[in-house]
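K.L.:
Since chain W is already given, all that's left is putting chains R, B and U on it; use the hints.
Number of protein chains: 4
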Amino acid sequence: MHDVIFESDTPAGWTFDVGLLIAILCSISVISLETIPSIAKQELFVLEAIEWLLTILFSIEYVARLVCARHPLRYAFSFWGIVDLLSILPTYIGFFFVPQNQTRSFAILRSIRLLRAFRVLKLWRMMSDADELWHAVWNARHKIIVFLIVVMVAVTISGTLMYFVETIVPALVAGVRPEQYDSRFDSIPQAMYWAIVTMTTVGYGDIVPTTTTGKVISATLILLGYSLIIVPSGFVTAELSSRSESEKRTGDSCPRCATDEHLVGAIYCHRCGERLGRSHQDSEDPLRKDS
Amino acid sequence: MHDVIFESDTPAGWTFDVGLLIAILCSISVISLETIPSIAKQELFVLEAIEWLLTILFSIEYVARLVCARHPLRYAFSFWGIVDLLSILPTYIGFFFVPQNQTRSFAILRSIRLLRAFRVLKLWRMMSDADELWHAVWNARHKIIVFLIVVMVAVTISGTLMYFVETIVPALVAGVRPEQYDSRFDSIPQAMYWAIVTMTTVGYGDIVPTTTTGKVISATLILLGYSLIIVPSGFVTAELSSRSESEKRTGDSCPRCATDEHLVGAIYCHRCGERLGRSHQDSEDPLRKDS
Amino acid sequence: MHDVIFESDTPAGWTFDVGLLIAILCSISVISLETIPSIAKQELFVLEAIEWLLTILFSIEYVARLVCARHPLRYAFSFWGIVDLLSILPTYIGFFFVPQNQTRSFAILRSIRLLRAFRVLKLWRMMSDADELWHAVWNARHKIIVFLIVVMVAVTISGTLMYFVETIVPALVAGVRPEQYDSRFDSIPQAMYWAIVTMTTVGYGDIVPTTTTGKVISATLILLGYSLIIVPSGFVTAELSSRSESEKRTGDSCPRCATDEHLVGAIYCHRCGERLGRSHQDSEDPLRKDS
Amino acid sequence: MHDVIFESDTPAGWTFDVGLLIAILCSISVISLETIPSIAKQELFVLEAIEWLLTILFSIEYVARLVCARHPLRYAFSFWGIVDLLSILPTYIGFFFVPQNQTRSFAILRSIRLLRAFRVLKLWRMMSDADELWHAVWNARHKIIVFLIVVMVAVTISGTLMYFVETIVPALVAGVRPEQYDSRFDSIPQAMYWAIVTMTTVGYGDIVPTTTTGKVISATLILLGYSLIIVPSGFVTAELSSRSESEKRTGDSCPRCATDEHLVGAIYCHRCGERLGRSHQDSEDPLRKDS
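Chains as they are written, first to last, in full-length UniProt numbering: chain W, 1 to 291; chain R, 1 to 291; chain B, 1 to 291; chain U, 1 to 291.
Looking at chain W on its own, in the form it has when it is part of the complex:
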């Protein structure tokens, strides 16, 4: 039974995992559809039925995992264990404690379990790609933190600047207090929200400069922000490039010191000078002779 649940190599295990995957997708769609008033009205009973059915199935599965797991506690507090628990709790909580039952939508956390799909779909290779991706981001983490701090400072300052140009100044001109003056930039946090929406080039347009000065300044900030925001993408790309670059190295390891990172075409270990045994180089080597 342990194999069926935790492995997907056996036919049974594979069937189990695929079924689980479908169940997760169903329940996510159900939870989503339930929130659409028009649908909720007509189909509520059907949806709730499916929802409950799935929740019970997931509960059984969770218990089964706990039972089968070699280290139940370790599983219970592992990432997947917590996700599995969180993905069933909301429905119960919603049922027992919240009459209006809104919390159930939290069950959407099940979507995280989709990542488990990787195992089912035999996407080992994908996972390794995901790892690579993660490493790329991880290697660039320091750069990203520096970048985020710089961005936050830029957002704070440009937000304050816009708040002044768009609210304080016009208010002074109009002779009213800023809080009475009607402006979209009605506070610094609001202006910072604008700055983030603008710098990432999302640009909703719900908050836009209206004064001429405001437009001039925001045009400048947009150009500066744009030059700022393209940087992290450069970092990630550079990181990924250098990775694909380093893949050009050979994995051959030195027979003496076992160093295994050699440039392509290396004949001698760059650590200990030992000759690397490669079939196509068994032909004796002129350089070595004269030494």
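These aren't lab readings, by the way, just hints derived from the structure by calculation. Predicted model only: the values in this text are computed from it and were never measured. Here a beta-carbon is modelled for each residue, glycine too, at the ideal position from N, C-alpha and C. Certain hints may be false.
A few chain R positions that, by computed beta-carbon distances, are all more than 12 angstroms from chain B [to be verified]:
{"#": "1", "residue": "89"}
{"#": "2", "residue": "131"}
{"#": "3", "residue": "144"}
{"#": "4", "residue": "170"}
{"#": "5", "residue": "207"}
{"#": "6", "residue": "210"}
Stretch-level coverage of chain W by chain R, calculated; a stretch enters the list once three of its residues show a Cβ under 8 angstroms from a Cβ in chain R [said to hold, decoys possible]:
{"#": "7", "region": "67-74"}
{"#": "8", "region": "163-174"}
P.N.:
Okay, now just chains R, B and U, sitting in the frame of chain W:
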């Protein structure tokens, strides 16, 4: 006749293809213009005439292709064969079955045939570039799939989160049921649509957070989403870089010092001056003689 | 006088060019300001005076260039000659022929002359960078054309698709003719405009899907379009990377066959095997001895 | 005392810096919150109290820095000195001179001091990353300037073009003067603001083309602008890639075969097995002995 239709090397074939290309462009513009009410009113007759003329021409061409093709069936079920058929069917269907004749716009599928233009315009080289492009995308396909799954999970979760912050919570505060509460995030699918529009930095602005909490959270999600969305572009770029990189080196290694990083077309090893043994260079080399 | 106008090496020539640059900047600001109603009302006379003064100066300069140029005709029909002419014509045309004098704004073409500033500011190096940039784009031109054709096909098809989902279908459901049905996607060209605005992630929000189906489809199109639109940036980056890569080669040319593209650290010419004379390699070379 | 304030190696200094950091974060939040009308009304007294407390603390710190600094004047006019001063002045100015006390928000300049956090958080490594980032941008500065000039010219021209298509032409058709004609593109500067917002793909949507011609032209401009705007990101990425690339190789060349592409830390040439003469490896090498 086969050559005229399927090849573009002969003058006749070239003329045919260019004519075809122009015909396709015309018909696309016509179909587009027909949908503009103001134009449709005045010019309807002219447009319909052109449209019918072109459709008949395309039908004749299709029949001709079927007749000339060495393997009519294989052509009929090939990609181009199906496109050719789909590009004439809508007009007939629209005429015979749909009185209001809306389906005709489907004839816009003809635009796909424009890709055939590559052949006409002697853009073989472009096609090879297109291949390269396709390979770059293809090599990164696993990464892209992983990425899409991660994106969908992120979209689902952030959508649900925003639905809660923008609809459920305010509704509870206002003491009404969520479906009665007026909010732009009126369902989880709607919120997921918002999440996609936001993460890709399209940012229409038709759905925007209105509560303070909603703005704070969406600002965070925007920054996270932005860092997430720049990744695939990094992958494609890295892929393309490594391709253009590897095109610059040969794998041939020097017989004496085994240096294998030579510029394309190198005759002598740039390390030890040894002659590189390459079939196409066995002809003795004048420069060498005089030394 | 020729030197003063066409060269900027002499002090006089430099002063002339800087003055010209300032004049151009002034006139651009003036022309822009003239279009702002509030300003135009009060300052119209002043602005017009400056504008006329500058136009006359530019006319004198143009005549002077014609006179001094070694080949007046060649200058007159050169790129810069035409730009110089176009930058003064509008004001006169506006004055003599167009009473309401709108054409004058065309004088904004003067901004093109700012590119001449490079010469003044001794930005030769920048120009070379601009060349490099241009070459990068030029080398990727085939890819870019392929890309544009693909984009146009994608835009046409997705535009038509959205036109159907957002206008035709609802119209049929409502039982009215499409042109009577009120929708933002009121024609295929309009929908194509939406597709371009969306795929480039500009996302004005003036045209947005309103039906559920429309939102689902456009969400998909956005993700597809995004993956499509990141490609050219990948091409340009790859091109630029490989350029900065190839800069790592040495410019040293072989004393015998004058090949001048060698890998950094090459000792022997990869074309003729001749030893490359480099100071730091004059120390005799073990490899050479044993041959 | 000098160490406590200027260094963060001693426990005391570290505590001081962390406290300072927290104080800065507090005061920024306070200043931001003060601008939110709803909060300002209720909590004004509390917020002002905290604000004054922090300002006085910062003043004391500033004086202390002046006193402890080895070269008080040099500190006073250093970047950090000026920032420290500017971060306390606004509150006093607001108190003594401006009754409505708006200037205080300028105290948000304190956020710049957050960059000092790097020192506290022992983020030396991050700082070096920031340097690298800065160098990457700095190396690409000429390209960026060229790019900005080109962008400004493009913005000016496309802005003027849109102003004509959207305002002048319709006004002439309607037979009214442009300033009377109601259009979103009501002046060239306004149109230039639109051009910048559009080219950077921010796309607020507060100014959008309404005429058919305007839409066609802006669709073209968007595509052109997009191809233009992806270039600098390409430059930065290429710069970063080549940096991370060059960090992987040493310039040391092998004394025998002059191969100079060795992995960092290589002891023996990977081509000919010769020992690479490097100062930090002169200590004899155990591996070598046993051969």
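K.L.:
Against this structure, judge whether each hint is valid.
P.N.:
For each hint, the structure was consulted:
1. 89: Fine: 15 angstroms to the nearest Cβ keeps residue 89 of chain R off the interface.
2. 131: violated (10 angstroms)
3. 144: violated (7 angstroms)
4. 170: With a cut-off of 12 angstroms, residue 170 of chain R remains clear of chain B, as the shortest Cβ separation is near 22 angstroms.
5. 207: Incorrect as stated: the minimum Cβ-Cβ distance to chain B is 9 angstroms, not above 12 angstroms.
6. 210: Holds, since 16 angstroms exceeds 12 angstroms.
7. 67-74: violated (count 0)
8. 163-174: As far as the region 163-174 of chain W goes, the hint is violated, because 0 residues have Cβ atoms under 8 angstroms from chain R.
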